[in-house]
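There are 6 protein chains.
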Amino acid sequence: MVYITRKESFSAAHRLSRPDWSEEKNREVFGKCSNPNWHGHNYVLWVTVKGNVSSETGFVANLSDVSNVIKQYIIDKVDHKNLDLDVDFMKGKKSSTEVFAVEIWNQIEEPLRKLGCNLHCVKIQETEKNIVEYFGKN
Amino acid sequence: MVYITRKESFSAAHRLSRPDWSEEKNREVFGKCSNPNWHGHNYVLWVTVKGNVSSETGFVANLSDVSNVIKQYIIDKVDHKNLDLDVDFMKGKKSSTEVFAVEIWNQIEEPLRKLGCNLHCVKIQETEKNIVEYFGKN
Amino acid sequence: MVYITRKESFSAAHRLSRPDWSEEKNREVFGKCSNPNWHGHNYVLWVTVKGNVSSETGFVANLSDVSNVIKQYIIDKVDHKNLDLDVDFMKGKKSSTEVFAVEIWNQIEEPLRKLGCNLHCVKIQETEKNIVEYFGKN
Amino acid sequence: MVYITRKESFSAAHRLSRPDWSEEKNREVFGKCSNPNWHGHNYVLWVTVKGNVSSETGFVANLSDVSNVIKQYIIDKVDHKNLDLDVDFMKGKKSSTEVFAVEIWNQIEEPLRKLGCNLHCVKIQETEKNIVEYFGKN
Amino acid sequence: MVYITRKESFSAAHRLSRPDWSEEKNREVFGKCSNPNWHGHNYVLWVTVKGNVSSETGFVANLSDVSNVIKQYIIDKVDHKNLDLDVDFMKGKKSSTEVFAVEIWNQIEEPLRKLGCNLHCVKIQETEKNIVEYFGKN
Amino acid sequence: MVYITRKESFSAAHRLSRPDWSEEKNREVFGKCSNPNWHGHNYVLWVTVKGNVSSETGFVANLSDVSNVIKQYIIDKVDHKNLDLDVDFMKGKKSSTEVFAVEIWNQIEEPLRKLGCNLHCVKIQETEKNIVEYFGKN
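Chains as they are written, first to last, in our numbering: chain E, 25 to 162; chain B, 25 to 162; chain D, 25 to 162; chain W, 25 to 162; chain S, 25 to 162; chain Z, 25 to 162.
In case anyone wonders, no lab produced these hints; they're calculated from the structure.
Keep in mind that this is a model prediction, so the values were computed, not measured.
Note that the Cβ used here is the ideal one computed from N, Cα and C, for glycine as well.
Possibly wrong hints are sitting among the right ones.
Coverage of chain D stretches by chain Z, computed from C-beta distances (three or more under 8 angstroms per stretch; other residues unrestricted) [unchecked claim]:
| hint | region |
| --- | --- |
| 1 | 56–65 |
| 2 | 82–88 |
| 3 | 106–118 |
With a Cα cut of at most 25 angstroms, we get these calculated BS3-like pairs of lysine-lysine [stated by the list, open to error]:
| hint | chain 1 | residue 1 | chain 2 | residue 2 |
| --- | --- | --- | --- | --- |
| 4 | D | Lys74 | D | Lys56 |
| 5 | S | Lys115 | W | Lys56 |
| 6 | B | Lys31 | B | Lys153 |
| 7 | W | Lys56 | E | Lys95 |
| 8 | E | Lys101 | S | Lys31 |
| 9 | S | Lys101 | E | Lys31 |
| 10 | W | Lys153 | E | Lys153 |
| 11 | D | Lys153 | W | Lys101 |
| 12 | S | Lys31 | Z | Lys147 |
| 13 | Z | Lys56 | D | Lys101 |
| 14 | Z | Lys138 | S | Lys56 |
| 15 | E | Lys117 | B | Lys56 |
| 16 | E | Lys153 | D | Lys95 |
| 17 | S | Lys115 | D | Lys153 |
| 18 | W | Lys31 | S | Lys115 |
| 19 | E | Lys95 | E | Lys117 |
| 20 | B | Lys31 | E | Lys101 |
| 21 | E | Lys101 | E | Lys117 |
| 22 | E | Lys31 | D | Lys31 |
| 23 | B | Lys117 | B | Lys153 |
| 24 | S | Lys74 | B | Lys74 |
| 25 | W | Lys138 | W | Lys95 |
| 26 | S | Lys49 | Z | Lys138 |
| 27 | E | Lys31 | E | Lys74 |
| 28 | W | Lys153 | Z | Lys31 |
| 29 | E | Lys101 | B | Lys153 |
| 30 | B | Lys49 | S | Lys138 |
| 31 | Z | Lys117 | D | Lys117 |
| 32 | S | Lys115 | S | Lys101 |
| 33 | Z | Lys74 | S | Lys74 |
| 34 | E | Lys153 | E | Lys56 |
| 35 | Z | Lys138 | W | Lys31 |
| 36 | Z | Lys117 | B | Lys74 |
| 37 | E | Lys31 | W | Lys138 |
| 38 | E | Lys56 | D | Lys31 |
| 39 | S | Lys31 | W | Lys56 |
| 40 | S | Lys56 | S | Lys147 |
All chains, please: the whole structure from these sequences, using the hints.
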């Protein structure tokens, strides 16, 4: 069992807030992340898959295939977009990095499985100081 | 003459577009940076000042004073904000990194001079691949 | 279960040595780290906590609360200090990165639990080449 | 149980190809990595060992000993070399990062055990975007 | 006058040697870089252009145009290639980073000028420890 | 004229203070850097030399020779040392990064000249946020 990781990055706007809360309550809980006019980040995304090494190719999976899945299902939808307004799989969801990581997992788990890959970890760096990892339900 | 540099960072949303242009024209010139719902970055800012080394302190300037100027005049105004909507010194200006660097220079040159510092360079990294430097009018 | 990580950094002096050993013995075992007049590092500290994602906030925990715990219990005590002379929770302990990681765990486990967080990992980078991770007793 | 990691780096040439495949087939499967005249990378290698903290030294293991093992068994053999032509332990093996990580594990597991260390992970970064981790057979 | 920089990266093999020198002499002068079976690097390339800020766009130049020039004239020719065997503009030249920087300058100066840009600096990082900068003939 | 840069790093302890000032005055001017029991950093040092490219070797200078000068004259004297107590060329000098950069220039300018190199810049990163550059007297 070997683990391989592909790193991609993208830039997006978002805001943390609940429409059922007042500005004051949002500011209290979400701090400066609740700015009504949005803010944004250069997100870094690491996707790790695991599997056996193919004796034919020496690969667990072709990382350019993994990259293509990440680009098609995630990067093309989120890069230079607003996570709260423009992204289909985030509609009605909070754009916290935690929720975002889980939703990215849900988008790519199946397409990666079709490549013969088992998704192991979705890791997102929102800022250099804030990182989230999700390893699936189990 | 010695050069000292302070690095700070902040996260902000922005958009490149001209209101007098159509969406198509904006898309053609500014590409994905023209997304109407904004996008954002983790900006990195390096401010370089130059001067003689004080025999009393061994400093060109106290970098914590330099940092305070950057925080008061720039970071507090742009961090977790929308450069096009929330920032007084960017009102009516394009939020390209080039224009942003010039406007940051204009904000901090005088306050740094009051510290006895000569501003030498404002450098901004918008993404890891895109960097802008401004050395003033001369 | 989602894992969230906060990165902080600080600068400190320390020395590896045993008072019951001769300078020669200390030099033999601890090498240049035994320099009697100290040396120092820019330490990087990653604290990872795990938990369920709150449906109210989308957070496992508010990373600014996690950051406050790290600052109050660790950074304020170690930044620009001597680990062997100035730090209460390192008194009488060796300032190896391994021991330091365990002691940091012991300092923050309880305060983080009061935030509703389960501490998962304390990771310290002493130099770019040397990294230590501690995941608790179990 | 504490985990300690040593980071080393080296520069090497290699090529992904099967001699029993045509150039076209190699190009199709391995893409630009199949270039007949080789290409190369600045590889980064992290070796993680785990163990109890010695009450005598505060160490799981002396990282300079760990570094010496990595240098003797790996770096001296691969740095500024061709992985496919010059490296004894890669002879007849594919130089995919996956296979390379497993073979590095096989080279250093025993020498590290003689230091009293249990090898936990071999991690290789081939490019900033491609990373492989191997945790051994179990 | 504002300076804008685009960062790109590529992986290539090369060797430092003179065919008119013996292996011993090559080894003496070029050290491990003279390995006959090649070695390689993940090169990082920064291209800096300077100019006035357009009042129409806020740009010195569109960095995606600059990136396209770098890709067409440099990256497509050197990425996953052998600098000594595969690259037209390096034929008969030494593949030292110094010479490489000058030759890259010669390739892109004119195409960048057609974009309305004045090339200011070609900077190459061969390894994290070795960096070369070329600012043109004047 | 081409510029080549060698990056080295080292870890050291130091303190900013004047013996003719009270603890209070030192604390007021130098802040936490005046801690009487020292603190320390992982310093990063970039040394840039400039010159013409040799047609014989393709080098401005052999970077391993440059590295040897830096190691002999600087790294061996400062690594894992106390800048204020252990370093001959810092005796009686303030260990601010500004003064340190000037003194490093003074140590290596002549030895580099003997290699046929003209020293162009000494750059020191004390922490990721604080950087100093010195380009000599002219």
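Status of each hint after checking the structure:
| no. | hint | result |
| --- | --- | --- |
| 1 | 56–65 | holds (count 8) |
| 2 | 82–88 | violated (count 0) |
| 3 | 106–118 | holds (count 3) |
| 4 | D:Lys74 <-> D:Lys56 | 38 angstroms, violated |
| 5 | S:Lys115 <-> W:Lys56 | 21 angstroms, holds |
| 6 | B:Lys31 <-> B:Lys153 | 17 angstroms, holds |
| 7 | W:Lys56 <-> E:Lys95 | 19 angstroms, holds |
| 8 | E:Lys101 <-> S:Lys31 | 24 angstroms, holds |
| 9 | S:Lys101 <-> E:Lys31 | 24 angstroms, holds |
| 10 | W:Lys153 <-> E:Lys153 | 20 angstroms, holds |
| 11 | D:Lys153 <-> W:Lys101 | 20 angstroms, holds |
| 12 | S:Lys31 <-> Z:Lys147 | 21 angstroms, holds |
| 13 | Z:Lys56 <-> D:Lys101 | 12 angstroms, holds |
| 14 | Z:Lys138 <-> S:Lys56 | 24 angstroms, holds |
| 15 | E:Lys117 <-> B:Lys56 | 24 angstroms, holds |
| 16 | E:Lys153 <-> D:Lys95 | 13 angstroms, holds |
| 17 | S:Lys115 <-> D:Lys153 | 38 angstroms, violated |
| 18 | W:Lys31 <-> S:Lys115 | 36 angstroms, violated |
| 19 | E:Lys95 <-> E:Lys117 | 21 angstroms, holds |
| 20 | B:Lys31 <-> E:Lys101 | 32 angstroms, violated |
| 21 | E:Lys101 <-> E:Lys117 | 15 angstroms, holds |
| 22 | E:Lys31 <-> D:Lys31 | 19 angstroms, holds |
| 23 | B:Lys117 <-> B:Lys153 | 23 angstroms, holds |
| 24 | S:Lys74 <-> B:Lys74 | 22 angstroms, holds |
| 25 | W:Lys138 <-> W:Lys95 | 16 angstroms, holds |
| 26 | S:Lys49 <-> Z:Lys138 | 22 angstroms, holds |
| 27 | E:Lys31 <-> E:Lys74 | 15 angstroms, holds |
| 28 | W:Lys153 <-> Z:Lys31 | 23 angstroms, holds |
| 29 | E:Lys101 <-> B:Lys153 | 20 angstroms, holds |
| 30 | B:Lys49 <-> S:Lys138 | 22 angstroms, holds |
| 31 | Z:Lys117 <-> D:Lys117 | 33 angstroms, violated |
| 32 | S:Lys115 <-> S:Lys101 | 12 angstroms, holds |
| 33 | Z:Lys74 <-> S:Lys74 | 22 angstroms, holds |
| 34 | E:Lys153 <-> E:Lys56 | 15 angstroms, holds |
| 35 | Z:Lys138 <-> W:Lys31 | 34 angstroms, violated |
| 36 | Z:Lys117 <-> B:Lys74 | 21 angstroms, holds |
| 37 | E:Lys31 <-> W:Lys138 | 35 angstroms, violated |
| 38 | E:Lys56 <-> D:Lys31 | 19 angstroms, holds |
| 39 | S:Lys31 <-> W:Lys56 | 21 angstroms, holds |
| 40 | S:Lys56 <-> S:Lys147 | 23 angstroms, holds |
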